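With chain A held as given, fit chain B onto it using these hints.
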Amino acid sequence: MDLLLQYCLNGLMLGMMYALVAVGFTLFFGVLDVIVFSHGDTVMIGSFAGLATYWWLHSTYPGLPAGWAVLLVLLAAAATVALLGIIVADAMIVPLRKGPALNTLLATMMLGTVLRESIRLFFPDGSNPQTFPALLPGWSWRGGNLILRFDNLVLFCGGALIIFLVHMIINRTRLGMAIRAVAQDEEAARIMGVNFRFVVLATFALGSAVAAFAGVMNGMYYSEINFSVGLLLGAIGFSAAVIGGLGNIYGAILGGFIFAFLQTIGAVAIPFASAYKDVFAFGAVILIMAWRPTGLIAEPSSQRV
Amino acid sequence: MSRAAAIFSGPLGCILPAFLLLAWSGFFLTAEDQTSILLSLLSLAGFLLAAVRLGWVNILREAIAVQERLWDACLITIMLALMILFREDHYNLFLLGTIMAYATAVLGLNVQLGYAGVLNFSCASFFGVGGYTAALLLSGTDLPPLLALPLGGAVAALTGCVLLLPVLRTSGHYAALVTMAFALLFRVFLDVSEWFGGPQGIPVAPLTIAGLDFSQGILWGDAEFSFYLKYDLLLLLVLCLAYSITRRLERSWIGLALDAVRSDEVASACFGIHIRRWKITAFTLGNFLSGLAGALYAMMLAYISPANFTFADSLLFLSILLLGGIGNIQGVLVATVLVVIVPEKFQVIQEYRYLIYSALVLLMIVFRPVGLLPRKPRAYTGSPA
Chain A
105 MDLLLQYCLN GLMLGMMYAL VAVGFTLFFG VLDVIVFSHG DTVMIGSFAG
155 LATYWWLHST YPGLPAGWAV LLVLLAAAAT VALLGIIVAD AMIVPLRKGP
205 ALNTLLATMM LGTVLRESIR LFFPDGSNPQ TFPALLPGWS WRGGNLILRF
255 DNLVLFCGGA LIIFLVHMII NRTRLGMAIR AVAQDEEAAR IMGVNFRFVV
305 LATFALGSAV AAFAGVMNGM YYSEINFSVG LLLGAIGFSA AVIGGLGNIY
355 GAILGGFIFA FLQTIGAVAI PFASAYKDVF AFGAVILIMA WRPTGLIAEP
405 SSQRV
Chain B
51 MSRAAAIFSG PLGCILPAFL LLAWSGFFLT AEDQTSILLS LLSLAGFLLA
101 AVRLGWVNIL REAIAVQERL WDACLITIML ALMILFREDH YNLFLLGTIM
151 AYATAVLGLN VQLGYAGVLN FSCASFFGVG GYTAALLLSG TDLPPLLALP
201 LGGAVAALTG CVLLLPVLRT SGHYAALVTM AFALLFRVFL DVSEWFGGPQ
251 GIPVAPLTIA GLDFSQGILW GDAEFSFYLK YDLLLLLVLC LAYSITRRLE
301 RSWIGLALDA VRSDEVASAC FGIHIRRWKI TAFTLGNFLS GLAGALYAMM
351 LAYISPANFT FADSLLFLSI LLLGGIGNIQ GVLVATVLVV IVPEKFQVIQ
401 EYRYLIYSAL VLLMIVFRPV GLLPRKPRAY TGSPA
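Protein chains in written order, with our numbering: chain A, 105 to 409; chain B, 51 to 435.
Just so you know, the hints here were simulated from the structure itself, not pulled from any lab data.
Hints may be right or wrong, so weigh each one.
Result set (DMTMM-like, lysine to aspartate or glutamate): computed pairs, CA atoms no more than 25 Å apart in a straight line [to be verified]: (1) B:Lys395 x B:Asp83; (2) B:Lys426 x B:Asp122; (3) A:Lys202 x A:Asp289; (4) B:Lys426 x B:Glu112; (5) A:Lys202 x B:Asp314; (6) A:Lys381 x B:Asp241; (7) B:Lys395 x B:Asp139; (8) B:Lys395 x B:Glu138; (9) B:Lys395 x B:Glu82; (10) A:Lys381 x A:Asp106; (11) A:Lys381 x B:Glu138; (12) A:Lys202 x B:Glu315.
Sample of chain B residues lacking proximity to chain A, with all beta carbon distances greater than 12 Å (derived) [stated by the list, open to error]: (13) Leu88; (14) Ile114; (15) Glu394; (16) Lys395.
If you're wondering where the values come from, they're calculated on a predicted model, not measured in any experiment.
The beta-carbon is built from N, C-alpha and C at its ideal position, and this holds for glycine as well.
The shape of chain A in the complex, shown without the other chains (with noise of 0.2 Å):
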């Protein structure tokens, strides 16, 4: 009982870093349609990018408060990604978004490999796994064989609200409201007054701070980061927000919790090879998407002939 009960604190921990990261792959998709799928890498660059932050404020500081120094290394990962996600945006995937959808896709794929291979090569020995320092006091709960670690339930707080503000973001503020005019028509938008441009950085910055924490939050949790891990956040978010129907941020962060929950079901229900939990959680996905072709929350959709 107390395993079960760990594996599904495990399960929610990751479900809110997917939810996260499944969260910039339906806001990107909403205003410009397309799906950048080097996310997962920028959440790698967050998780780096907080590294580094740490290492300069630890020669620089060594007296820092851990309180301050969390939010220092959060601020600076989430400003360089935000920074990086314009560029992108503004570069390659505004330009491109005419094209035929694959070649975005591909060309974003191509990216997350440059985002990759110039961590993996430029970064201080990049191309090993590197520890991530625990930020936070490590104390824990015990009860029987149930250990709830006080970092952990920080983050997933932290996550939440991170969750909920983007949630005030988009449905209480101005900007909010110009993203949502923009994902529904950007024309009508762009008649209206909306600065289409503005909106669209907007939001690509938006969604890669947010990929950041969930970056931080990913060093934090699993306390080391690796430059190859990109990858598979990048499909596994690139799964939740399909999964839930892209464009609805709702629907993504009940995909990323259904992601994970799919992992852990693999990693419990199959004794004989929890490794076959990726294939299990995939397959899952693949079921998913030939039973709800557009996802769980459908996408309203008619086809105009």
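Chain B alone, transformed into the frame defined by chain A:
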């Protein structure tokens, strides 16, 4: 038409470029030091640029369009000549074999994506299904080894059938996800599966046809030719077969139906084209070709592991197709040669090759999305095809 153009629209228009190509590739493949490799690449690029500027490319296109059989014969002759030239050189023969295997697999992908418009991000997985099928069949059963080739293709096609339902029901990004998920699933599955050798992979027994062992070199007088020569000949045969199948398919009414399905599903359905039937046909045929190529490639490698068939390899196949120009099978050949050979020969950039290669593909998608040799619209009148 000028005098020169008149001369080069005849057989000479095919034979001279073919001869130049042979001379260049012979030089490039034998070049050892990095400066001569760089110089030969630069000279090729300069020559091609000049050819485009001076309109030679159009003359060549005309000449090829009129005398297609001659041009095909020229290409086969170039391949054979290179094999004879490098008869004792394991490395270059292996490169040639890799090119031909990859080209066959990409031809399969071309049937799917280029003709029917069915997205497939798991081409390398089907390539791998063929390879693993060959490995298991050759070591575990007493079947005639040559049968492993068509069976590799058939098993790949059958595996593809698992994906048929989701592939047919979804479209666009949703369809991309299905095949992508399959590619990732396949890699993880191979990694953790004991039966398939896990991450270390499994050895593939050499091919024997009628007592002829493909892992042995050929003794010819005093010289011993590399055993890769045999595989290369077989691969050339398979590539020619795949090439003529795709070419004939493209020109038949089936190709027309596939083009219609790709261009506009609703319109072609209105004209009575059975969309599902043609998508299934294209997907299965493409997977068959990829599996066939994979089976033969695995035998040539003699040892395969999951690392040969990753999602990145599927992307490699896709970018070969995109680089060549989606739908143009001659573009596929050109692009495969470039993508396989250039990083292999350029040892200086070895460490950075993935970075440079993906950055180049990225730039190409942004600045020339149609590829090097875009497919031309069908010509119903004018020069006979």
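Inset, instruction - If any of the earlier hints don't hold here, list their numbers in rising order. - result: Number 11 - this is the single hint that the structure violates.
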